[in-house]
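Asks: Listed below are the residues making up each chain.
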Amino acid sequence: MARIFWVTCPQCRGRFYCHWEELRGKGIPLLCPYCSRTFLDSESPAIQE
Amino acid sequence: MDLRTFLTSLERDHPEQLVRIKRPLEVARFELTALLAHLERQGKYPALLLEQPLNLKGEVAPFHFVSNLYALRARCALALGLRADQWQLPLSLEYARRETQLIPPTVLRTGPAPAQDVVRQGDAADLRDLPIVRHHAMDPAPYIDMTPAMRDPDGGFYNLAFLRTMYKGPRRLGIHMSPRHNWQIARKYEAKGRGTPLAIVVSHHPAFYLGALNVSPFGVDDYAKVGAIMGEPLRLTPSVSFGDELMVPADAEMVIEGEILPGVREVEGPFGEFTGYYGPQRLRPVVEVKAITHRRDAILQHIFVGHRDNWVIGGIPKEGSLFNVIRGVVPTVKAVHFAISGSCRFNCYISIDKRVDGETKQAALAALGACDFVKNVIVVDADIDVFNEREVLWAVATRVQADRDVDIIKDVKGNTLDPSQTDDIMTAKLIIDATKPARRPFPSRVEIPDDALGRTRLEDFIPAEILERLNVSTEGG
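So the sequence lines, in the order shown, correspond to chains H and P. Residue numbering for the first sequence follows this note's numbering, starting at 1 and increasing by one per position. Residue numbering for the second sequence follows this note's numbering, starting at 1 and increasing by one per position.
Calculated from the structure, these hints are not laboratory results.
Calculated pairs, DSSO-like style, for lysine-lysine (alpha carbon to alpha carbon, straight line, at most 30 Å):
id : chain 1 : residue 1 : chain 2 : residue 2
1  : P       : Lys192    : H       : Lys26
2  : P       : Lys334    : P       : Lys410
3  : P       : Lys168    : P       : Lys192
4  : P       : Lys57     : P       : Lys168
5  : P       : Lys57     : P       : Lys22
6  : P       : Lys168    : H       : Lys26
7  : P       : Lys436    : P       : Lys361
8  : P       : Lys413    : P       : Lys192
9  : P       : Lys188    : P       : Lys168
10 : P       : Lys188    : H       : Lys26
11 : H       : Lys26     : P       : Lys413
12 : P       : Lys413    : P       : Lys334
If we strip away everything but chain P, and leave its shape as in the complex, we get:
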C-alpha cells in the first residue's frame, strides 16, 4: 500500500478531487499556502499535486508534492477503501472497527525497500534539496510537519506523531514536542545521555497517517495500529543509520533519519498551529539529520496545518478511538464527531441512546479521560445528527438549562497550544448535557408525517428545471 497507487486511483476515479499544478511553485515562500488560502476562501478543498515544486535552493526539485490531501473527509474515506459518500458516520465506525484489531508489521528482508531506492547520508543528506513549505507569516522558516517515528528504549514499541520540525540548516532541524508519548520517549534517551533516534516519515499512503493519529495509551505499538487502519501489515525495513534499532516504513516515499541531540535546546518557532494561532517561540530540542532516503521520483507531502487538511485528519481517528472507549461504558453510544469549529480537537459531540440520566456524564468523562485534546463535550440524544452542528446547537438551545446541565472541571491536562489556557499544561473542561431528561415527560420535536412525505413528491409540483436552479442554502444564521 503506497501513496502513488492511491493518487493514481484518486485521479482516475475521482478526477475532481485532485488538481495538478504544472507551473513551478516556491513552496518555501508561502506560494503553496497562498494558493490553498485562495481556494479555501471559495470553499474549495481539492488535493493539489505540484509537478514542479522548488527546493530550498530555488531549483525545481526532482519530486512531486501533494498538498491538502486530507481536507475532505471523502478522500479519507477513499483512503480506507470506503466510498466517498461514506464520509460521515460510516468512516468513524470503520476506523473504530479497524483500530481494535492490531496488525503487527512485517519486515522486508528480500531486497532493497522502495523507500531506500535513493540513499543520501552524511553531508549528502542536504535538506536544501527538498521542497519544504513555509506556511504562515510568522513562521521563521520552512517546516516539515509530518510524522517522526521513535522507538521506546525500554518497551521497544514505536510511537508516531505529527510533530513540527523547523529548518535550521542543511542537516539541522528544530523539533517541537508537547508532553505526550514521543516526548516521554525522548526524555528516556536524554536521561541516559543518549540521542534519540528518529525517522521522519515524510510521505506515505494516507491510511498510514490516519493510523498514526490513533488515540492509544502509551505503550501501544503505533506501527501495529497503522497496520490495523491500513488493513494490512505495515512493511518495515532497517533504517540506514540505526539498522534494526530503528525500523522504518519500507513503502514510504521519503524518510529523513536523524537523532535528537541530548541536552541541546535552541529557539524554535513561532509556528502557525492546529489551533489557528501561532505557538510561541521557545526553546526546543534539535535534530541532526543523518540520512535522507527516498523512492525515485518521490511524491512528498505536507499538512496544511491550522486549516481543514490538518483538522480533518486529526478528527477521524479520535472519532473512531473514542467511540470504542465510550462504548465500553455507554453501550448505546451512536456517534462521536469532532467538529471543524473546534479544529477537530477541542469540541467533541457525542450522541447516545440514553436509557438512564447518568449515562450522559459517563460518556463525556470517558471522552475527556481518553484524549487530552478534548476540551468541550456536548452529549446529545440519538435523534440529533452530531455531524450537523446546527442540530447539535439546536439541542443545546432547547434541551439545556445551564444551571443544571453544564459541568466545568478545572485543572485537567490540556494542550500547551490552546491559546486560552493560562497554564502551560492544565485547562478547564466543559460538559454540556444536551439530552432530554429520562425521568420526566419532555415535548416532542416537530415532524412531517411519513405518509405525507411519501405521497407528496417535489417533482410533481415543481418543474425539474426550476428545482435544479434553486440554490442550496449555505446560510448558517
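The shape of chain H in the complex, shown without the other chains:
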C-alpha cells in the first residue's frame, strides 16, 4: 500500500487515513467517514505520517 497519513476530524474527532501522495498538503478537502464533514488536512487537530 502506498504511504498513508492519519488525520483527525475537527468536528467528531474520528480518525481515518488517506493516501499521502494524492492528498497530503494538496488543498483538497477530505471527507470524514464518520460524520461526513469535509475539511483540509491542515485543519486536522492531529496528523500521523
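We have chain H; now place chain P onto it with these hints.
Replies: Relative to the frame of chain H, chain P by itself:
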C-alpha cells in the same frame, strides 16, 4: 441461467445453506454486516436472503437481497453444477477444465431482456431506491461492490471485475480501480477525452461472478470466459444508455449503467478491502449513473468484502486458472489452492509430483507471473493435501531449510491494497520449496499399515453412541 433459479434449487435441495431474514434490515447502517459478523464468530456461513431490505431512504425496498452466497466453497460447487461435497480439488479442476473452452455470448434480439423488465433513466434512476450496504466502520458511505463491465475501445472485448463503487449522490458513484485491466480501458477512453461507458452487473447467477474473476491476459473477452464457466453462452442485450456499444447480461437481476467522467477525480474511501484492512481515502474517478434496469422483484446481492464471502469467490478462479498455467510448464502439477489465511489471494499452495528439482521453482514462477495477487508461494509434494493448511505447514516444518529452500524476489508488481507494501505498486514475492529433494535419500513419513486399517474398525471397539458423542477437534495448535 439466473440467480433466482439457483436460489430456488439451493433452498429446496440444501435448506441448511440459505437462511431467510424476514424482518426489515437497514443494510446501509451496518445491520447486515453485523449479522454476518455474529454468524462468523460462531463459525457459521449460511447465505442470507433478506426479504425486507431497507433502501437508502429508509423504506422497505421492493427487492430481495442475498448475502454471503460465496462464503462456502460448497455453494460455489453447486453453482457450477457439482455436488456440494466436491468443494475442494474437484471444484478447482472443474474450473480449470471449463475455462480453457471459451463460449462466446449470444445476443437476445427476440424480445425485452429480463434484466430490462423495469427501466429507469435520467433522474428516475435514483440510487436511493436501492438497498446498498455499508460494510465497515471506516467506510464513509454505502458501497456497491459487484462487477462493472467495460468494453475496450480498440479491441472490442469486455472486461469484468469486482470494483468498489461508493454512493455519492442519487446518480453519482465514486469508483476505485487498481492498475489492472479495467483501469487500462478507462485510461484509453480518458486519453481521447471521452467518458467510459460501464454497466455494473449488480446481481446474476453465482457462476457469472465466478467466471468474472478469471485470471486471463488483457484482451481475452470476459463475457466469453463467463460463458465458459457457466457452461452455456451468456445472453446479452444492448444497454439502454449505449445500445450495441455496451452490451449487458440479459438475465441479470439488475444493471446500473453509467459513464466514468473523463478528467474528474474526487475523494473516495477509506473502504474495508479484501485484505481485511481499509484501503486509504484517495482521489478516484466518478461515475454518473444514466440508467438502472432490473427484473420485477429483483434479487440483489453484494459481497461481504474482507471476509470469507469475498475470499472464497476470489480463490476458486485463481486455483483453476493457475492450475492450467502451471500444467503448461510442470505437467505433474496435482493441485493449486489459495488459502483463507491469505485472503485467498496472497498465499498460494501448489502440489506437484516432482520428478526433477527445478520443477518446484518452475511451478512457483509460473504462478507468480500469471497473477499479480500471488505473493507467497509454497510448493509441496503430491502427498501433501494443499487444502489442509496444517499439512502444508508440516511440510514447511520438515522439508525446508531456509538457507536453501527459500527465495525472495524483490520489486515485482503486487497489489496496491496490500498494507505491507511500502511502494504503491511493487512488492516482494516469496517462494518456499517444501518438497523433498529429488537427488538424495529422504526419510519416509509415518503410516499405519493399510491391512491394519482395514481389519480394525472403530465401530467394533467403540460403541456408536460414544463415537457420536466425541467432538470433532477443531484445535489448530
